[in-house]
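Trainee: Here is how the chains run, residue by residue.
Protein chains: 2
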Amino acid sequence: MDLEQQIKTIADKAKEASLKLALVSKSERNRALKLMAESLWAKRNYLIEENRKDLNAAKKENYSKALVDRLTLSDKTIKEMAQCLLDTAKLKDPVGEVLSTFKRPNGLTIRKVRVPIGVIGIVYESRPNVTSDCIGLCLKSGNASILKGGREAAHSNQAIFKVLQNALKQTEISLDSINLISSVDRQAFHYLLKLDQYVDLIVPRGGEELIRFVADHTRIPVIKHYKGICHTYVSGHADLNMAHNVCINAKVQKPGVCNAMETMLVHKDVAVRFLPVIAHDLKKAGVEIRGCPVTRRIIREGVKEATQEDWDTEYLDLILSVKVVDDTQEAIDHINRHGSHHSDAIVTENKKEADWFLKSVDSACLYVNASTRFTDGYQFGFGAEIGISTDKLHARGPMALEELTTYKYLVFGKGQIRQ
Amino acid sequence: MDLEQQIKTIADKAKEASLKLALVSKSERNRALKLMAESLWAKRNYLIEENRKDLNAAKKENYSKALVDRLTLSDKTIKEMAQCLLDTAKLKDPVGEVLSTFKRPNGLTIRKVRVPIGVIGIVYESRPNVTSDCIGLCLKSGNASILKGGREAAHSNQAIFKVLQNALKQTEISLDSINLISSVDRQAFHYLLKLDQYVDLIVPRGGEELIRFVADHTRIPVIKHYKGICHTYVSGHADLNMAHNVCINAKVQKPGVCNAMETMLVHKDVAVRFLPVIAHDLKKAGVEIRGCPVTRRIIREGVKEATQEDWDTEYLDLILSVKVVDDTQEAIDHINRHGSHHSDAIVTENKKEADWFLKSVDSACLYVNASTRFTDGYQFGFGAEIGISTDKLHARGPMALEELTTYKYLVFGKGQIRQ
Chain A
16 MDLEQQIKTI ADKAKEASLK LALVSKSERN RALKLMAESL WAKRNYLIEE
66 NRKDLNAAKK ENYSKALVDR LTLSDKTIKE MAQCLLDTAK LKDPVGEVLS
116 TFKRPNGLTI RKVRVPIGVI GIVYESRPNV TSDCIGLCLK SGNASILKGG
166 REAAHSNQAI FKVLQNALKQ TEISLDSINL ISSVDRQAFH YLLKLDQYVD
216 LIVPRGGEEL IRFVADHTRI PVIKHYKGIC HTYVSGHADL NMAHNVCINA
266 KVQKPGVCNA METMLVHKDV AVRFLPVIAH DLKKAGVEIR GCPVTRRIIR
316 EGVKEATQED WDTEYLDLIL SVKVVDDTQE AIDHINRHGS HHSDAIVTEN
366 KKEADWFLKS VDSACLYVNA STRFTDGYQF GFGAEIGIST DKLHARGPMA
416 LEELTTYKYL VFGKGQIRQ
Chain B
16 MDLEQQIKTI ADKAKEASLK LALVSKSERN RALKLMAESL WAKRNYLIEE
66 NRKDLNAAKK ENYSKALVDR LTLSDKTIKE MAQCLLDTAK LKDPVGEVLS
116 TFKRPNGLTI RKVRVPIGVI GIVYESRPNV TSDCIGLCLK SGNASILKGG
166 REAAHSNQAI FKVLQNALKQ TEISLDSINL ISSVDRQAFH YLLKLDQYVD
216 LIVPRGGEEL IRFVADHTRI PVIKHYKGIC HTYVSGHADL NMAHNVCINA
266 KVQKPGVCNA METMLVHKDV AVRFLPVIAH DLKKAGVEIR GCPVTRRIIR
316 EGVKEATQED WDTEYLDLIL SVKVVDDTQE AIDHINRHGS HHSDAIVTEN
366 KKEADWFLKS VDSACLYVNA STRFTDGYQF GFGAEIGIST DKLHARGPMA
416 LEELTTYKYL VFGKGQIRQ
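Those protein sequences? They're chains A and B, same order as listed. Counting in my numbering, the first sequence runs from 16 upward without gaps. Counting in my numbering, the second sequence runs from 16 upward without gaps.
Bear in mind the hints are in silico, worked out from the structure with no lab data behind them. None of the values given here were measured: they were computed from a predicted structure. All the given hints hold, so there is nothing to weed out.
Just so you know, same-sequence chains aren't split out, so a pair can sit in one copy or run between any two.
Think about it this way: if two alpha-carbon atoms lie no more than 25 Å apart in a straight line, the pair counts; the simulated DMTMM-like pairs of lysine to aspartate or glutamate are: (1) K374 with E187; (2) K41 with D348; (3) K28 with D348; (4) K127 with D370; (5) K68 with D84; (6) K177 with E187; (7) K429 with E364; (8) K68 with D90; (9) K127 with D108; (10) K28 with D327; (11) K242 with E31; (12) K374 with D284; (13) K209 with E324; (14) K374 with D108; (15) K35 with E187; (16) K118 with D102; (17) K80 with E224; (18) K80 with E303; (19) K23 with D231; (20) K127 with E112; (21) K299 with E316; (22) K23 with D327; (23) K209 with E223; (24) K429 with D391.
Based on the provided sequences and hints, a complete structural model is requested.
Mentor: Structure representation (C-alpha cells):
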C-alpha cells in the first residue's frame, strides 16, 4: 500500500471510530485515560530508552540546547504526562451538555446538545508530551485523533503512542480512535492535509512557520494563532505603581511565550513620571528598549529607535518597544493596527475609559489592570489547554475541552409536518 | 485605481467601519433598519424601473422562467423586503450578551461576552432581496458587510443598495459599514476571496457550484452546506400512519429545497405493510420512485432500480430513492455514509431506538417523528436565517443572528501578575 493510501486508510478508520466513540460512556472514556496514565508510568524505562535514540540524533545534528531540553524525557516529565491524563479524566465532560431547549408553537421540542467534533488532527513539533496530552484531551471530549509529530521526536512519540494504544486495548474503545502517523516522510504530512472529507479540524502546535504552512495547504478548518503581539496601555488615569508591576510581569516573567508583552503604550500625561522608573527596572532585568522619539527624549539613555517594523514584531525575547501616545484613541488604533488580536491590557482607574477600550479593541482577551500573561487555559480555569486561538470563528482565546466540541439539534415531534 | 486596489480599499474601509460599529448603540442600529425599510418602500418605483433592465437582459439571454421569477421585483416583493428589515429590527440583539462570568482564585473576574464577528462577505445569486435581507442581518448583529451579487441581478442589487445607503446617511453609522461590489467582472470576485486579512467570514448563498467555488478559492472561513441529502427512516417500531404523513410531507411539500427528503429507508418488518400504500400516494403526487431490489419486489410496478449513484444524489425534484434495511444499524450506517449531514429523521415509537439514532447519526439536525422540512431559521424560532451549515465548526444547522457573532474574554483585575 502506498503512503497516500496508508494515510487515507488511517483517516477513514478514524472517522468510523469517531462515530462509535459517540456511544462510549463517559466512565469508559475516563477509565481509558487512567489506564493510559498507569501504563506511561509503568513503561517509563522503555520510554526513556526510545527517547535516547532521538537525543542521540539531536546531538549529531547539533540541535540547540533549548530544543534538546524540550525533547528530553525523564522520570519527572513522564510523571507529569501521566498526571496530565489523570487530571484530564477528572475534568467536567462537556459532551452531552444541553445548551438550550425550546418548544415551538406547533409542539416541536428542539434541543441543542454538545457533541464531539469527530476527527481532530494535531500537528506539532519537538515536545513528546504533546502526544499524550492531546490524545487525552481528544479522547475525553469523544473525538478520534490523528497526530503528526516532528521528525526530531519520532522515536519518543512512537513509543508513547504504543504504550497508550496498549492501554486502550483493555477498554471497549476502538483502537482506531487514536492514531499517530509514524512516517517521517514530509509527504505524509501533505497527504493528511488533503483529507478534508475525514478530518474535521486541524490544530497546529508549534512555531509560526509550521502554522502558516498548515493554514496555506489545507481546506480543513484550522484553529490557530500565528503570533502574540500583546500590548499594555498605561493610561493617563493609571495607578502608576500598579502599571509598573503589571508591565514588568508581562514583559519579564516569561518573555518567550505568546502572551508576553511586546509593546508598551504610555499616555503622554504620565510618560515623564512613569518611563524613567520602569526603564531603570526593565534594564536591570536585561530588557532592551526600543522607543518612539518621545520615549527616547524622556528616557534619554540606552534606548534604540523603534522602526516601523518593531511595532509589528513578536520578539519572544527580552526586547520591548515603547510608544508615547497622545490619547486613548491613539492607543486603541495602534493596537488594532499592529496587534495580533491575542491579548491586550489597559491600566486605568477610570471605568469609562476601560469600557471604551474593551469595546474598541478587537482582541481575543482584553485586560483591565492585570498582566496579559494570564491568557492560558489553566489560568482561566479550564483545566487544560489545546491551544490559543486568535481566529474569530468557533473558538477564540484559550481552547480546552469545550472548544473540541460542536453541537447538533435534536427535534422531537408527534408527527408534525410543515404547512 | 485598478480593480484589485478598489476591492482592497472597500475591504479595508469595511474593517475600519466594523471597529466603529462596535460602539454604535443598539437603538441606532435598529433606527437604521427602520429607515432602510421606509426608504425601500418609498423608492419602489425606482427599484422596479432598475429591475426591468435586468429582466430585459434576462429575456434576451433566454433565462428560465424560474430564474426570471426569482429576479422579479414588484410592489409585493419590495413590501416583503421592507418587512424583513422591520422584523430584523425587532429581533433580540445578541451583541453584548454575557455568555459566562467566572472568578478565579487570584481575584481576576473573567467575562465572556458576545461581540460582532467583524466583516462578513456575502456571495449570492439571482434573488435581489438577499441584498437587503443580508445587509439587515449583518447591521443588526453589528457587523460590516461586503456583498457580491450575481451579474443577472446587477441593476436591481445596485438600486437596492443605493436606497439603503441613502437611508444610512441619516444615521450616525459609517457608510462604509455596508458595501456592494458593483463590478460584474469575475475578477472582482476573485480579489474579494483573497482578502483574508480584512474579511472574517464568507457566507455563500446559491447553488452547489458557487459554494464549491468559494470554498476552493479562499482562505477566509466559509460557512456553508453543499447540499441536503436528507433521509427519513421508518423503523420497525413506527406508527405507520404518522410515518406516511411525515414522509409525504418531507418529499412533496417543497421538493426543490435542501431540507426535503431524498431517500426513504424502511425497516424490513414493516416494508410490506408500509410501502405499497405510500408508493400509491407518492405516485399520485407525481413522485418517481427509485428502489432497492427488495423495494421493487414489494411495490412491484413503476419503480426504477436505484443505482449506487442514487444514494448520493440530491434530486431537488419529485424523485425519491427507497431502500429496505435489515435493522436500525444499517439505516444509521447508510445515512452516515451517503447523507450530507444536514437533516435526517427517524419515525419510531421506541424511545431507546430513537436515542440510539440521535447519538449515532452525525447530522446537524435530527428528527424523531417529524418532517425534515422544519430545518429552517424561522421554523426553529430564530426569526431570521442567513443560511444553513453542515460544517461542524462555529455554526451547525440554521444560522441566524447569534451565528453572526463571536465572543471575547474581558478580564478585570486589581493589578494581578502571574507568579
